[in-house]
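Peer 1: Sequence:
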Amino acid sequence: MRTPPKYIIPFTGYGFKRLFCSEANKDLCIDFLNEVIKGQDRIINIHSMSYRPTCIYDIHCENEYGKKVIVEIQNAVHNYFKERSNYYLSFPIWEKGLQHEREDRLLKTVYFIGVLNFTFNNDDDSLSYYQHEIRLTDPEKHRYLPDRLSFISLVVSKFNKTEDELETCIDKWMYALKNLSALERRPLKLQEEVFDKLFKIAERAKLTPLEEMYYIEPVVHLGNTDF
112 MRTPPKYIIP
122 FTGYGFKRLF
132 CSEANKDLCI
142 DFLNEVIKGQ
152 DRIINIHSMS
162 YRPTCIYDIH
172 CENEYGKKVI
182 VEIQNAVHNY
192 FKERSNYYLS
202 FPIWEKGLQH
212 EREDRLLKTV
222 YFIGVLNFTF
232 NNDDDSLSYY
242 QHEIRLTDPE
252 KHRYLPDRLS
262 FISLVVSKFN
272 KTEDELETCI
282 DKWMYALKNL
292 SALERRPLKL
302 QEEVFDKLFK
312 IAERAKLTPL
322 EEMYYIEPVV
332 HLGNTDF
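In terms of this note's numbering, the sequence shown is residues 112 to 338.
Please note that a few of the clues may not be correct.
Derived lysine-lysine pairs resembling PhoX-like cross-links, with alpha carbons at most 25 Å apart [to be verified]:
id	residue 1	residue 2
1	LYS289	LYS128
2	LYS137	LYS149
3	LYS128	LYS149
4	LYS269	LYS289
5	LYS308	LYS149
6	LYS269	LYS149
7	LYS149	LYS289
8	LYS149	LYS117
9	LYS317	LYS269
10	LYS317	LYS149
11	LYS272	LYS149
12	LYS308	LYS128
13	LYS272	LYS311
14	LYS128	LYS317
15	LYS311	LYS128
Here are the in silico distance ranges between beta carbons for each label pair [to be verified]:
id	residue 1	residue 2	range
16	ARG153	SER133	34 to 44 Å
17	GLU278	LEU321	19 to 29 Å
18	GLU322	GLU251	37 to 47 Å
19	ALA293	GLU251	28 to 38 Å
20	GLU278	ILE245	32 to 42 Å
Hint data in this document are derived by calculation from the structure and do not stem from the laboratory.
Here a beta-carbon is modelled for each residue, glycine too, at the ideal position from N, C-alpha and C.
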């Protein structure tokens, strides 16, 4: 019989919640998201989270300027994810924009960040092209329109860098998300304080019997027998 993995699988409902979505650990989620949108805005708070069976979590965040950030963590294969993301982008505009503000007031920016643990069946991009960013453009003038809506997707399964090739913080986050449950130790390249905390709370040995039960159920559902 194989030895169970030392660390939990991030891409389950309980696994992701334990790592990122508790009040005690939301600083990890904030650090990760700030690396994804680096150079644009800085997230300072996470104020609501919701679970849906078709993905894992929708996380609603706010940056230092009050802009909205929506994050969907998607695990199940969904070939209409790109189209559906446009639908989700409309919710915060209505809820926090037109519904409560005058129509002549500038709307807050919304980012939709999809962290995907699958590839699309019709994906013809390079196997190493794991990050996509889409914004509204003016096709005739070839320029971006005011960035009120932004879509970013990270395809974790396409991240193929080795530990020795890790250079940036987002490299390190992608490596950790993809390989966490297969690792026996925290990699030498991931020595920052945020990763020290990540690996400590990801240890299976620290789960209570009840937490272990919550963790194993969706792992079995995903077809993983090496839990």
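Peer 1: A separate judgement is required for each hint: does it hold in the structure or not?
Peer 2: Hints, one by one, checked against the model:
{"no.": "1", "hint": "LYS289 with LYS128", "verdict": "holds (16 Å)"}
{"no.": "2", "hint": "LYS137 with LYS149", "verdict": "holds (18 Å)"}
{"no.": "3", "hint": "LYS128 with LYS149", "verdict": "holds (23 Å)"}
{"no.": "4", "hint": "LYS269 with LYS289", "verdict": "holds (9 Å)"}
{"no.": "5", "hint": "LYS308 with LYS149", "verdict": "holds (21 Å)"}
{"no.": "6", "hint": "LYS269 with LYS149", "verdict": "holds (20 Å)"}
{"no.": "7", "hint": "LYS149 with LYS289", "verdict": "holds (20 Å)"}
{"no.": "8", "hint": "LYS149 with LYS117", "verdict": "violated (31 Å)"}
{"no.": "9", "hint": "LYS317 with LYS269", "verdict": "violated (30 Å)"}
{"no.": "10", "hint": "LYS317 with LYS149", "verdict": "violated (32 Å)"}
{"no.": "11", "hint": "LYS272 with LYS149", "verdict": "holds (20 Å)"}
{"no.": "12", "hint": "LYS308 with LYS128", "verdict": "holds (15 Å)"}
{"no.": "13", "hint": "LYS272 with LYS311", "verdict": "holds (23 Å)"}
{"no.": "14", "hint": "LYS128 with LYS317", "verdict": "holds (15 Å)"}
{"no.": "15", "hint": "LYS311 with LYS128", "verdict": "holds (15 Å)"}
{"no.": "16", "hint": "ARG153 with SER133: 34 to 44 Å", "verdict": "violated (21 Å)"}
{"no.": "17", "hint": "GLU278 with LEU321: 19 to 29 Å", "verdict": "violated (40 Å)"}
{"no.": "18", "hint": "GLU322 with GLU251: 37 to 47 Å", "verdict": "violated (55 Å)"}
{"no.": "19", "hint": "ALA293 with GLU251: 28 to 38 Å", "verdict": "violated (48 Å)"}
{"no.": "20", "hint": "GLU278 with ILE245: 32 to 42 Å", "verdict": "violated (25 Å)"}
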